[in-house]
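Please model the complete structure; the sequences and the hints are all you need to start from.
Sequential numbering of the sequence shown, starting at 14, is according to the working numbering.
Errors might be hidden in some of the hints.
[Said to hold, decoys possible] Distance windows between CB atoms, simulated:
1) Gly-246 / Glu-102: 49 to 59 Å
2) Glu-111 / Ser-48: 12 to 22 Å
3) Glu-33 / Pro-150: 38 to 48 Å
Hints are computed from structural coordinates only; laboratory data are not their basis.
Don't be surprised by glycine CBs; every beta carbon is placed ideally from N, CA and C.
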Amino acid sequence: MNGIHDVGGMDGFGPLQREENEPVFHACWEGRLRSILMLLNKKSRIYYVDEVRHAIERIDPVYYMGASYYQLWLLSAETLLMDKGVLTEYEIRARMDELSPDVTFEPDLVRFRQVKPCVPSSVRKSTVERSSGTESPDDPIQPKYPIGTVVKVKVMAPTGHTRVPRYIRGKEGIVEALHGNFAMPDLRVGTGINVYQPVYRVLFEARDIWGADAFPEDKLYIELWEDYLELGGAANEIG
Numbered sequence: 014m015n016g017i018h019d020v021g022g023m024d025g026f027g028p029l030q031r032e033e034n035e036p037v038f039h040a041c042w043e044g045r046l047r048s049i050l051m052l053l054n055k056k057s058r059i060y061y062v063d064e065v066r067h068a069i070e071r072i073d074p075v076y077y078m079g080a081s082y083y084q085l086w087l088l089s090a091e092t093l094l095m096d097k098g099v100l101t102e103y104e105i106r107a108r109m110d111e112l113s114p115d116v117t118f119e120p121d122l123v124r125f126r127q128v129k130p131c132v133p134s135s136v137r138k139s140t141v142e143r144s145s146g147t148e149s150p151d152d153p154i155q156p157k158y159p160i161g162t163v164v165k166v167k168v169m170a171p172t173g174h175t176r177v178p179r180y181i182r183g184k185e186g187i188v189e190a191l192h193g194n195f196a197m198p199d200l201r202v203g204t205g206i207n208v209y210q211p212v213y214r215v216l217f218e219a220r221d222i223w224g225a226d227a228f229p230e231d232k233l234y235i236e237l238w239e240d241y242l243e244l245g246g247a248a249n250e251i252g
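Given below as structure tokens:
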């Protein structure tokens, strides 16, 4: 996923507008939507958090850039409920017409609200060619990289969902902590396959990522799955 949805490290979006005494929700529907999403995820288990992220990544970039936070949540929820066969597009549109009979949608808006289909697993280019791991989170896995190991984030250009931001691909860092085993999002989304791998907290120096313009004291701590990493060059030199 190399689209506009991965904006880490990008600039040119203008200053951040801070709102004094900002309310938790700007409209009542936002609170209701959040409650619905929590119920669908935590109680009904209709979808995973990874699928929510991927649904947002499938939103048209033009609509994405102009939509509010909860508008993106709403469209991702509609997308997932249709993907899962819980609702149909006709039912959603009928309910919209019922709630707002006098509102007409501009053709461009309707077009931009269309999300890209989830790439079928048979043709989807995975982040990794062959994923290692286990089918159970409780199975013992020996982490490949002990704490203190210098690792390098693999250079990749995945077409589907991934949790590797672009700005750290090809960069080196140091393993600072192990968080246990978690299902790899790249394989879970679009396939439903759960492959559990060690997740590492990796420390990156800001100047190694942004260059000399970064503050020398700044550091980044990023959680990464094992298959995103390889042994760093500095570690090879030390060994």
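Status of each hint after checking the structure:
no.: 1; hint: Gly-246 / Glu-102: 49 to 59 Å; result: holds, 50 Å
no.: 2; hint: Glu-111 / Ser-48: 12 to 22 Å; result: holds, 21 Å
no.: 3; hint: Glu-33 / Pro-150: 38 to 48 Å; result: holds, 44 Å
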